[in-house]
Each structure stands twice: as C-alpha cells, then as structure tokens.
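Residue-level listing of the chains:
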Amino acid sequence: MGRRVILANSSLEKTIDKILDQTEQDVLASLDGALSDSHQALDDSVTKLEDEYDKIVADGRKEADKLEKQIVGGSDIEARNKQLLAVEDAVSRVFTKAVEEISNSDRSGDYANLIKTLLDESTQVLGTSEVIVFTNSKDRDVVQSTLANFAGSELSSETIECIGGVKIQSKDGAMKFDNTIDAKIDRLKPLIRKEIASKFGVKE
Amino acid sequence: MTTEGGVQYSKIAEIKGPLVVVDDVENAAFDELVEVETKDGERRLGKVLEVGNGKAIVQVFEGTTGLSISGTNAKFVGKVMEMPVSKEVLGRVFDGLGRPKDGLPDPIADQFIDINGEPMNPEQREYPKDFIQTGVSVIDGLITLVRGQKLPIFSGSGMSHNLLAAQIARQASVVGTDDDFAVVFAAIGVQYSEAEYFRKSLEESGALKRSVLFLNTADDPAIERIITPRVALTVAEYLAFELGMHVLVILTDMTNYAEALREISAAREEVPGRKGYPGYLYTDLSTLYERAGKLNGKKGSVTQVPILSMPSDDITHPIPDLTGYITEGQIVVGRDLFRQGVYPPINILMSLSRLMKDGIGEGSTRDDHSEIANQVYDAYSRAQEVRALAGIVGKAGLTEIDLKYMDVGDVFEKEFLSQATDENRTIEETLAILWKIVSKLPRNEITKIKDKFVDQYYQGE
Chain A
51 MGRRVILANS
61 SLEKTIDKIL
71 DQTEQDVLAS
81 LDGALSDSHQ
91 ALDDSVTKLE
101 DEYDKIVADG
111 RKEADKLEKQ
121 IVGGSDIEAR
131 NKQLLAVEDA
141 VSRVFTKAVE
151 EISNSDRSGD
161 YANLIKTLLD
171 ESTQVLGTSE
181 VIVFTNSKDR
191 DVVQSTLANF
201 AGSELSSETI
211 ECIGGVKIQS
221 KDGAMKFDNT
231 IDAKIDRLKP
241 LIRKEIASKF
251 GVKE
Chain B
3 MTTEGGVQYS
13 KIAEIKGPLV
23 VVDDVENAAF
33 DELVEVETKD
43 GERRLGKVLE
53 VGNGKAIVQV
63 FEGTTGLSIS
73 GTNAKFVGKV
83 MEMPVSKEVL
93 GRVFDGLGRP
103 KDGLPDPIAD
113 QFIDINGEPM
123 NPEQREYPKD
133 FIQTGVSVID
143 GLITLVRGQK
153 LPIFSGSGMS
163 HNLLAAQIAR
173 QASVVGTDDD
183 FAVVFAAIGV
193 QYSEAEYFRK
203 SLEESGALKR
213 SVLFLNTADD
223 PAIERIITPR
233 VALTVAEYLA
243 FELGMHVLVI
253 LTDMTNYAEA
263 LREISAAREE
273 VPGRKGYPGY
283 LYTDLSTLYE
293 RAGKLNGKKG
303 SVTQVPILSM
313 PSDDITHPIP
323 DLTGYITEGQ
333 IVVGRDLFRQ
343 GVYPPINILM
353 SLSRLMKDGI
363 GEGSTRDDHS
373 EIANQVYDAY
383 SRAQEVRALA
393 GIVGKAGLTE
403 IDLKYMDVGD
413 VFEKEFLSQA
423 TDENRTIEET
433 LAILWKIVSK
443 LPRNEITKIK
453 DKFVDQYYQG
463 E
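The listed protein sequences correspond, in order, to chains A and B.
Last residue of the first sequence: number 254 in our numbering, and the count goes up by one each step with no gaps.
Last residue of the second sequence: number 463 in our numbering, and the count goes up by one each step with no gaps.
Bound-form chain A, shown alone:
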C-alpha cells in the first residue's frame, strides 16, 4: 500500500515536471517570439519614424519658406509704396514750383516768339488760319500783336484760365486745338516725371 502511494507520487511529480518543462519552453519560446516581434516592430517604426520626421521637417521648411516669402514680400511692397509716394510728392512740389515760375515769368522778349510758335503749330494742326484765338488776360497784348501774321484769325473777347499760350477754334466751332502751356505741361508730364524722379535717385 505504502509502496504504491510512493510510486503514484513519483509518477505525478514526473508528469508535473514534464508539464512544467513544457510550459516553461512554451513561455520561453513565446517570450523569444515576442522579443523578436518587438525588435521587428521597433526596427519598422524607426524607419517610419524617420520618414515621419523627415516629412515634418520638410513640411516645416515649406511653411517657413512660405512665411518668409509672405513677410519679405509684404514688407518690400510696403517700403516700395512709401518710396513711390515720397517721390510723387517731391515731383508734385517741383511741378508746382515750376508752374508758379512760368506763370510769373516776364512776357517781354522771347515770349512773343513762343506765342508765334504756338499759333503756328495750332493753325497747322487745324489746317486753317481762319480761327478764333483764346488766351488769358496777361497774354492778350502779345497774342493780339502776333495775330497780324495770321490772316483771317481773330482774338476772342473772352479770356481763358491758363498759365499762358493759346487755344484756337475754327470759326464754325467744329474744331478746337488746345496749345496752352498748361496743356503742353500735361502732355509732357509723364516724360518730365521720369527726369525729375531720376534727380531724386530713382533708377529705371
């Protein structure tokens, strides 16, 4: 009886040991598997992480470039606009001063020649000297004396507001030509602006 119990205990122990060994092996194998899986996952994630990192850096760089362009572009434009306004202001002041000087200039001497040239140009453009001439009150005398050279022309009793020069009109009123100094300045202004701006150091 006692011997039988001992034998049974021994075989039970063997079985338990066997199961324990088997379980240990399974656990160790599974641990090994898990370890290699985790190594693999880690290796994979390193590549993914590096890719992701590169993407984040590239996106960041793009965004920074975009912001740089926005900021630099915006401030460049703002500075340029301020310069434009400053130059325009200076050009306007030059014009005002020049116009003031022309309107106060002496009407004697070469001025009569200028009026004759203006009348010549005007009658040529209209193709007739049968015209009515308009001028300002200051220039009336000079114009009146010059008109003797233009047969058929007459000086209007009306005066016009201008710095100087003449405005002519065909006698039927169908054609007009403005050859006042104001009109000349208007026509030349875009060219003169460039000259004045270059004096202020504005390059083309």
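It is worth saying that the hints were derived from the structure and are not from the lab.
There is no bait here: all hints are sound.
If we take Cβ atoms under 8 Å as the criterion, some of the chain A residues that face chain B in the derived model are:
#1 119
#2 120
#3 123
#4 124
#5 126
#6 134
#7 135
#8 175
#9 176
#10 225
#11 243
#12 244
#13 247
The C-beta atom is built at its ideal place from N, Cα and C for all residues, glycine as well.
Once you've looked at the hints, dock chain B against the given chain A.
Frame of chain A; chain B shown alone:
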C-alpha cells in the same frame, strides 16, 4: 510717346451702343486714341475703329452712358493707346485700362508702349522647351506647362477655375535657374469678390511683389474688356523681352472678352458669325494668344494661361473651339469631378499639353517623367472603362485586375488630383505620387515604362 496735342471735334453725328460717330474729321488714324469729353467735363477714352468720308467711328472704352450728341467733344490725340511701363509696375494693381487702382501714383515710365504689341517675327521665334513648375500636381505631372507656351484652361460657370488661377499665380516658378520670374494677372469682367480674392491672395502670399494685376470687374463697362488683355500683354512683353524675365500671363475670363467683342460687332452692324460672335473672332483671339512665346537672342519668355468658361460646358462653343485652334493644348475642368468635390477638378483625359514632351525629361524634370505620365494616363483611362463596366455588371462581376484598376482610379483622384489650394508640390513630390499610383498595379501591367525605371521607382508587390 508723342507730345503733340490733338484736335478736338464737336460734331457728333451719332451715338450707338459703345460707338460714337464723329463728323467732319480730318487726319484721324485707325486705332488712334480719342479723348471723349462730356458736357460736364468728364473725360473718357476711346479708339478709332473706322475712318473715311470725313467720319470717324470711335469705340468708347468706358461706355457711352450719359453722352449726348450736343455738348460732347472728341479729341483725337494723335497716338495709339500706350501703356507706361517700367520695372516699377511689379507689385502694382491696375484697372482694366491700365490706370492705378491701388491708390498709388502712375508708375514712373521707362517706356510708353503701344498696347497692340509688335508682331513676333516667326523666324525669330524660339521653340519653347523649358519647364514651368506650377506646384499643381496634375498640371506639372500630366499637362506640363512650358515657358513660351499658350495653354488655356477650359472651364464652366461656377467651377473652381478662379481658385486654380490664383493658385498658379501664387505658386508658379521656374526651377533650376536664377532667372527672374513674374506673373501678369488680368481679370476680365470678374465679380468684385473674385477681384478682391485675387488681390488678397497674391498680397497675403507675398507673391504680389513679383506680380502685376489688371482688374476689370463685371460692373466696369464691357468695352474696357477689349483693352485689359492687351495692356496686360504689353506689360508682360516689356518684362520678358526688355528686362529678361520669364513671365506667366493669366487671363481670366476670356469669354467675357469675346462677349465684349460681340457687343461692339453688333453695334457696328457687322454680319454675325456663329452664335452672334463676329466672323473675325478667330483672328482677333490670335492677336492675343500669339503674343506668347520666346525670341531668339532674348532671355525672357511670355507664357499664357488664358481661362475661359464654356457656356453650358459646351466645348464646341465658338470661343473654346477657336481658342483650341490657336493654342498649344488645353486643360479641361470637369463638371463631374467638380460635383464630387475634387479640387482641382481637371479631366485629364480631355486635357493635353502639346509642348509637354519637349519640356520634361532629363535636365528639365526627371528622365522617367514622360513614361510614368503615359502609364498613369493609360491606367486612369482603363479605370474609367472599368467604372463604366461596374455600373452595368456590378463590382462582383469584375475581375481581380479590373478591381485593381478601379483602385488606381480612386487613388489617382484622391491622392494625386486632389490638392489643397495652398499646397505647393514640387515636381519630385508629384512624380513620387505618380509612382505610388502605378505601384498599385501588378508589375506585368506596367508596359509603358522602361525596366530600369520600374526597378528604380516601382514600390508594388
């Protein structure tokens, strides 16, 4: 620029639509600039359309509303319409006639140039072959734009062509060179909100610095629209051929230009052509489109992207039809893709850049560009066929390879075609996506690409 004054005539015989007929006119010239002065002293600009028998027909750009036969004067200025140009025009905003619209003074002009432009000597034209990167994958990858090319965008009303135009204007650049690049943007008859969007979009992205904007809004007189593309192209030609810049000109919407042309033609009682457009619509459009190009011995180039909205999405309408004869390909915006919410909704199967083959490849983009683009065209075309088939037999009736092509179609639309409006993709990124799409197919389906490229870039299987 002439500094002589002009004769003012006061005998107005007739005012008809946008036209004024002036009587007893001597020495007027075709295309001569005319200043029309109203009774109240308001001045409007116009140009001579016809002269003869002592009469001159003047087209008034700002319209004839408020003009009357008595009290209106027409001054023939003795020169054609000119645009003052200098490098200073960059960063400026002008109206449709080239007058400042940004509250700043007129630019200090370096030259005054006739807005009708000088015809390019065909013998001096250089074949366009350099790539322009727009940052929009579908254009750079499959419908590549080349410096000096004219490539129109055919769209329809309400579609996202203006978003695309603004995105191209913001992002476009020349790669692999230090040459200066500029964008001339002409908005023709657009809504005020659209004009503001264009202006803000360029301003906020910092791209305004290298751009010139011409804005003709829908409430501006229609006749001004005749001038807007011409002043824009004049500035572009100056920047390109005098200052050596590569200039991209975006003209939107050319349909509004053609409508204005029709209005004048109707007022002149000319015999109408198709849909009432004048018979010379083709010739007139060519005077604009042919101003794109490169010249031998000149550093710069003028590239044009005219945008037109096709009435009723009809590609056979005279405007897209005649435009297509003149330009070098077309980019077609698709209604179906637009409805699906795809941006930019470009239908690649109807689109084509005829000069693409010369502007891509080794030294321009990448040596595999042409072949990968062909393969993707082929695959997407097949995907469309499979989708049609699936509509009849159902997805269950498709073979495994059919399903792969269907997948290619989806990936193409979701990952390649779809792009955020502020997403600027480099050509390398674009080509990488194209390879990703092709890699969805088994290797034996890749028949249009050399093995060496497949070995290098294919990521499937």
